[in-house]
Structure formats: C-alpha cells, structure tokens
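**Q** For the sequence shown, position 74 matches number 74 in my numbering, and the numbering has no gaps at all.
Do not take every clue at face value.
[Claimed, not checked] Below, in silico cross-link-like pairs of lysine-lysine (DSBU-like), each with a Cα-Cα straight-line distance of 30 Å or less:
1) K60 <-> K71
2) K20 <-> K60
3) K8 <-> K21
4) K71 <-> K56
5) K20 <-> K81
6) K81 <-> K8
7) K56 <-> K20
8) K8 <-> K56
9) K71 <-> K8
10) K21 <-> K60
11) K81 <-> K56
12) K71 <-> K21
13) K60 <-> K8
14) K56 <-> K21
15) K81 <-> K60
16) K81 <-> K71
17) K8 <-> K20
None of these hints come from the bench; they were simulated from the model.
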Amino acid sequence: MILSFGSKATEQIWNGIRVKKMPIEVQNVGRRKLRMLNNSQDISDLRIPPSNRLEKLGGKLSEFYSIRINKQWRIMFLWDKGNASEVEIIDYH
1 MILSFGSKAT
11 EQIWNGIRVK
21 KMPIEVQNVG
31 RRKLRMLNNS
41 QDISDLRIPP
51 SNRLEKLGGK
61 LSEFYSIRIN
71 KQWRIMFLWD
81 KGNASEVEII
91 DYH
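Using the sequences and the accompanying hints, generate a full structural model.
**A** Below is the structure:
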C-alpha cells in the first residue's frame, strides 16, 4: 500500500489529475504502475512484469527501490513491511 508521496505531482497523478510538467503517456503508464505498487504485498511482486525492472538503488539513494515507466522515467520509493512511502515519479536522466 502507498503510505506517502515524495512529490505533489506524483500524488496528483495518483488521484487522476493531469500535471503539465510530465508527458501524458508517462502519466498514464505511471498511474497504472502506481496501482500495481499500491496492490503489492511483497517487494518481489513488483518483479512481474519484467519490464518493471525492479532494482534497489545505490549511493545516497541506497534505501530506495525503483521500477521503470520507460527508458527515461522511473517510480522511486521506500519499501517497508509491505508498504511504499516517499513514492515519486522521476526523470532519471
């Protein structure tokens, strides 16, 4: 379950509100992947579909995980006991 968002824009997308600073296709796919994240009970649930490319981040972000929306955009989040927090759609490049 999603407990909190790392950005207002991501929360708006979750609530079905379009944001100007992000392509519509990214928002549509992002909303679908946010639902997937919200419904996951275990981090391994996000390994399917393989296009998610679930990964644990490194460096300063070593506590975070990410799944891919496309080559450029990711959903980054903290995961603890079946819950996601600080969920944010980011431009990875």
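**Q** A separate judgement is required for each hint: does it hold in the structure or not?
**A** Now the hints, each set against the structure:
1. K60 <-> K71: holds, 21 Å
2. K20 <-> K60: holds, 29 Å
3. K8 <-> K21: Judged against 30 Å, a Cα distance of about 12 Å means the pair holds.
4. K71 <-> K56: Given pair K71, K56 holds - Cα atoms ~17 Å apart, limit 30 Å.
5. K20 <-> K81: violated, 34 Å
6. K81 <-> K8: Holds - the C-alpha atoms of K8 and K81 are around 24 Å apart, at most 30 Å.
7. K56 <-> K20: holds, 29 Å
8. K8 <-> K56: Satisfied, since the Cα-Cα distance of roughly 23 Å is no more than 30 Å.
9. K71 <-> K8: Answer holds: K71 to K8 is near 23 Å, not above 30 Å.
10. K21 <-> K60: holds, 25 Å
11. K81 <-> K56: holds, 16 Å
12. K71 <-> K21: holds, 17 Å
13. K60 <-> K8: holds, 22 Å
14. K56 <-> K21: holds, 26 Å
15. K81 <-> K60: Holds - the C-alpha atoms of K60 and K81 are around 22 Å apart, at most 30 Å.
16. K81 <-> K71: Between K81 and K71 the Cα gap is close to 28 Å, so the pair holds against 30 Å.
17. K8 <-> K20: holds, 12 Å
This entry does not satisfy hint 5, going by the numbered hints stated previously; all others are met.
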